Amino acid sequence: MPQQLQNTAYVGGLSNPPVVSAQAFRAAMNAMARPGRTEEINGAIPPDGISVAAGSLLLTLCDPETGVYLAPDVDSEVLRGWLAFHTGAPIVAAEQADFALGSWAALTPLDRFRIGTPEYPDRSATLIVEVPGFGAPNAVLSGPGIKDAAKMALPDLAAFQNNTLLYPLGVDFFFTCGTQVAALPRSTQISAEA
Amino acid sequence: MSDYNFAYLDEQTKRMIRRAILKGLAVPGYQVPFASREMPMPYGWGTGGVQVSAASLTPDDTLKVIDQGADDTTNAVSIRKFFEKTAGVETTEETEKASIIQTRHRIPEAELTEDQILVYQVPIPEPLRFLEPRETETRKMHALQEYGLMHVKLYEDISQHGAIATAYAYPVKVEGRYVMDPSPIPKFDNPKMEMAAIQLFGAGREQRIYAVPPYTKVVSLDFEDYPFEASKADHACDLCAAKDSYLDEVILDDAGNRMFVCSDTDYCRSRRDAGHTGRLGEEAA
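Protein chains in written order, with my numbering: chain A, 1 to 194; chain H, 1001 to 1285.
Keep in mind that the hints are not guaranteed to be accurate.
[As the list claims (entries may be wrong)] No farther apart than 20 Å at their CA atoms in a straight line, the calculated lysine to aspartate or glutamate pairs in the EDC-like style are these:
no., chain 1, residue 1, chain 2, residue 2
1, H, Lys1217, H, Glu1114
2, H, Lys1192, A, Asp148
3, H, Lys1085, H, Asp1071
4, H, Lys1232, H, Glu1111
5, A, Lys147, A, Glu193
6, A, Lys147, H, Glu1206
7, H, Lys1081, H, Glu1038
8, H, Lys1173, H, Glu1132
9, H, Lys1140, A, Glu193
10, A, Lys151, H, Glu1114
11, H, Lys1081, H, Asp1060
12, H, Lys1192, H, Asp1222
13, H, Lys1192, H, Asp1248
14, H, Lys1081, H, Asp1071
15, H, Lys1232, H, Asp1248
16, H, Lys1085, H, Glu1114
17, H, Lys1217, A, Asp148
18, H, Lys1097, H, Glu1135
19, H, Lys1232, H, Asp1244
20, H, Lys1081, H, Asp1061
21, A, Lys147, H, Glu1194
22, H, Lys1232, H, Asp1222
23, H, Lys1243, H, Glu1229
24, A, Lys147, H, Asp1115
25, H, Lys1173, H, Asp1225
26, A, Lys147, H, Glu1111
27, A, Lys147, H, Glu1229
28, H, Lys1173, A, Glu119
29, H, Lys1173, H, Glu1224
30, H, Lys1097, H, Asp1115
[Said to hold, decoys possible] Here are some, though not all, of the chain H residues that point toward chain A, as calculated from beta-carbon distances under 8 Å:
no., residue
31, Asn1005
32, Phe1006
33, Ile1021
34, Leu1025
35, Tyr1030
36, Thr1058
37, Ala1143
38, Arg1177
39, Met1193
40, Met1195
These are computed hints drawn from the structure, not numbers from a lab.
Just so it is clear, the structure is predicted and the values come from calculations on it, not from any experiment.
Glycine residues also receive a C-beta, built at the ideal position from the N, C-alpha and C atoms.
Throw the hints in and build the complete structure from the sequences for me.
Quick look at the structure:
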């Protein structure tokens, strides 16, 4: 392994893990509890090509007990090394993943991921979708965590609506861009913006 | 600087609890199993709530702990001290100033805001447990939404007592899907569960975490002809004269004299500070 790659794996971790991960988790929890709302999250400096938000989520939530799937567009020796050093999380296939990282195009189709079982719907994957930005909203959200209605830009509508139909099974999503994170749990009802 | 890791728990444990909280928020009312740890206090003293609070706290938080509404009982004081020592966070008795409120069996009277988190201590998280002791069966019942047994129990209340006699831990249905135990809060508090704050539930001994996101529909189970009623003692508080708060009955002497006081001590104190005085208010002051 070239010197450059080795060094990259060791830098960019959480500076003060107990405090920084607590703050990152609160951002993630607020996002998951209020679908469509963006929160600031930072702490980690992941290798090039991965957002600070996605890197911070991975370091906050992943450890040797969670399998991580890296979609082809983000998978690299550098990222694998970085995750291995900072979290110890095993890299697994999509079908076994607890967490998955990639762009929307690279993560689809969704039916590869675990959706839980009727007795244990929590045994399902959480997808971290890297998005280019939180642009003009194309979806109207309602359900738990949303007072009346919320609006959000989603990379697709049908795939998320189908995921909602599986409720209480299904996968849950984080969307990351720069230092921002938003979430879409399986409980959210989605309709097209009029 | 204390010699504890921030908020006592080790980082791996916090990650495990945090993952459970996120799945709990994604499936409101569903009980997520988690690997509950031994805490430096006995089971039944809020170890579930303490673990959820520890995983949620940041150094910027202000923590309030209540036990049956009171800030000054043993359980509340010891948990508050625990986090003062292990997390170094600010603590308060004022509901409005708190960002995280850990509670045993009450919801504060003051309306909670979007910036607050309410953490419940839960003894028995499974609402069907006293009807069906086997976990394998109750899991199936939740999976199949087989909640007929719970309605039979409420019906038996009516046939024996003429009304639904369940007064606390009154079962609710969350977002039309999961029947959930709201922890042993009085049913007076049930309507408050549709709130702006995040609600997290931790059961340490039973190793379950569940959650209710803000504005989630929380409906108390009932019948068309016996609708749910949020009841309280039909009195005003004897210290602050509040008619809208949940009251504790206190026996004063052997002659049967009694008084009713707000169970939420902070609410009662803030009303008395504002000049409200109840029947026995001046004697108490």
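**OP:** Sort out which numbered hints this structure fails and list those numbers smallest first.
**Re:** Per hint list: 6, 9, 16, 18, 27, 39, 40 violated.
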